[in-house]
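Number of protein chains: 2
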Amino acid sequence: MPNENQINKKISDSVNPDYYIKKGKLNNADEYADGIKKGDRSTLSRAITLIESTKNEYRELGQAILEKCYGLAGHSIRIGITGVPGVGKSTFIEKFGMHLIEQGKKVAVLAIDPSSSITKGSILGDKTRMETLAVHENAYVRPTPAAGILGGVAGKTREAILLCEASGFDIIIVETVGVGQSETSVKSMVDFFLLLMLAGAGDELQGIKRGIMETADMIVINKADGENIHNANRARLEYQQALSLFPPQPSEWKAPVKTASSLDNTGIREVWDVLKQYHNQVTQNGFFANNRKNQSVQWLHEAIGFQLKHQFYSRPNVKNNLDRLEKEILSGKISPPFAASELMNPSVQE
Amino acid sequence: MPNENQINKKISDSVNPDYYIKKGKLNNADEYADGIKKGDRSTLSRAITLIESTKNEYRELGQAILEKCYGLAGHSIRIGITGVPGVGKSTFIEKFGMHLIEQGKKVAVLAIDPSSSITKGSILGDKTRMETLAVHENAYVRPTPAAGILGGVAGKTREAILLCEASGFDIIIVETVGVGQSETSVKSMVDFFLLLMLAGAGDELQGIKRGIMETADMIVINKADGENIHNANRARLEYQQALSLFPPQPSEWKAPVKTASSLDNTGIREVWDVLKQYHNQVTQNGFFANNRKNQSVQWLHEAIGFQLKHQFYSRPNVKNNLDRLEKEILSGKISPPFAASELMNPSVQE
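Chains as they are written, first to last, in the numbering used here: chain A, 27 to 376; chain B, 27 to 376.
If we strip away everything but chain A, and leave its shape as in the complex, we get (with noise of 0.2 Å):
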């Protein structure tokens, strides 16, 4: 048996670009666009992992594979994910998952995980978690650590989800720990949010962060199964009672609050069934297109400013010199707007 080492050089090369073009397996953008279109899993996995790279070269040809692809995404439905660890999430998508498969769906699911790399085995460990989903031939299961494979970046997912719709998947599921920033982007990238709890706001749910709860589509109260179950009725009905006093979302959807078990297999269909009336919802309204619409806009305008920054940044300079202004600041010498027009000076710059 192999240990985990070998595991992770096998999974790494497995993605690795570099590992494919030095053997000349692929080497320009149409023959990526090709094997996505054709629903070529590792042809997938490996051109979203040019994109993630910080790789300039790397970059461009998962840019370039992208705008091939861009014509024909957009036609699936994107769903988040969010909840705190050990709230049940991987369990959760696997038998929702396996659902959405029986009803003749193509499911990819992008895992961002924050605290995950490949070298900690994250990669292994997920795709371990989803077993039965990850090796079905109708779904794609796609974990994106978020300090990368290759010295990757996160961010990236908004690629990810074209290039799966691009490859024939038709619901994309973007899963993320509610933790940290990710899950307000997640908001800002997917049709409908959903938030995953416990009943009992005990210690596990310390980790949600604030303003997170408003913005959900819907609240499912997971693990509601033996004894659990009547706390989670209970949680359900307080949750709700708690939502109704939120004002209306942009959607006019009302988000409904539910309890599932992945043990029981019990509400899984039943979110499908939201999601479906949600999604006949927005569509006549026409608050999918537009908010769509809106989403690729703000991500116009969120890469100008990434892509300023990184520019900005990366310049020895400024990284210098903004330890020495961050102190002068907290030390109540300057301004921050003070020191930020030092930075844009040029003599500083260079």
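You can trust all of the hints, since none of them are fake.
Each pair may be met inside one copy or between any two copies, as identical chains are not told apart.
Here are the simulated lysine-lysine pairs, BS3-like style, with alpha carbons at most 27 Å apart:
hint: 1; residue 1: K131; residue 2: K284
hint: 2; residue 1: K359; residue 2: K132
hint: 3; residue 1: K81; residue 2: K359
hint: 4; residue 1: K280; residue 2: K302
hint: 5; residue 1: K132; residue 2: K302
hint: 6; residue 1: K94; residue 2: K359
hint: 7; residue 1: K319; residue 2: K335
hint: 8; residue 1: K359; residue 2: K64
hint: 9; residue 1: K353; residue 2: K94
hint: 10; residue 1: K319; residue 2: K94
hint: 11; residue 1: K280; residue 2: K131
hint: 12; residue 1: K63; residue 2: K353
hint: 13; residue 1: K319; residue 2: K353
hint: 14; residue 1: K64; residue 2: K94
hint: 15; residue 1: K319; residue 2: K359
hint: 16; residue 1: K335; residue 2: K345
hint: 17; residue 1: K235; residue 2: K280
hint: 18; residue 1: K319; residue 2: K345
hint: 19; residue 1: K63; residue 2: K359
Note that these hints are calculated values from the structure, not bench results.
With chain A fixed as given, assemble chain B onto it according to the hints.
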């Protein structure tokens, strides 16, 4: 009696740096800084106007004034107050501000109103609404129209806070309408965030942005008077219950829900009591200082982002190409990151 145009002209002159610079009254940053440190409110007003200006020479003068005042700033409690139009913010702030003055405090109110501009009489209106507070020698009321005076921009509230502090004000209230982006950013510049609400989740509440309620340090059900007292008390209990379902704040503070009436002058003193408790707790657990420090660093990076974008979007060719590229994105021709890269290309920029 002067007509509205004459009144607006007079108010506009009183904050117009052109008017004063031409008259030779205030020419350099030292003069402004001296006036501010002495507590002269019209000098303070003009300095804030300089900072808000889009004219480079004014902004640079404003920046120079800020640097001279920066070391003196920081010694206040900064309170954000938000709520939808009609919730009674101005009247509440007037009563609350007068109570603080009775406690020996000097109170500055910075009102951010995205819908107003000086020509629509908003400054006049706001001053009229807080008529007792606005004319008190220990208070300063400053509306910041988003559209701006002299083509000024919003987003200079942090600078205005610092100038007010340098001028000796020890309570700074930032008032904002809870309908846009502004209340999220206000949270990032204050020590304590108070949300005013009304009993009965009717039409009046529709304006509040989702995700705001969870971030409040205190909710006050306003207009708890007359026949409304019963409803206000019921709303208080409901919101208190809803807040208890939320995860804890980073400050470890449990946000209380109270009722108040500006008409009966009830609940006003209690807000100050809660604020003192909060200040005690977060000073002791270190959150206060830590939060201020994080806010300063965040401000630096926001200022960098703002200045980078300002430079970028000011280029005429970026403006022109932006429209075309947005259309191409929405028609599915190119992806947002590709459009961003194209705009970054120097040949497109020049």
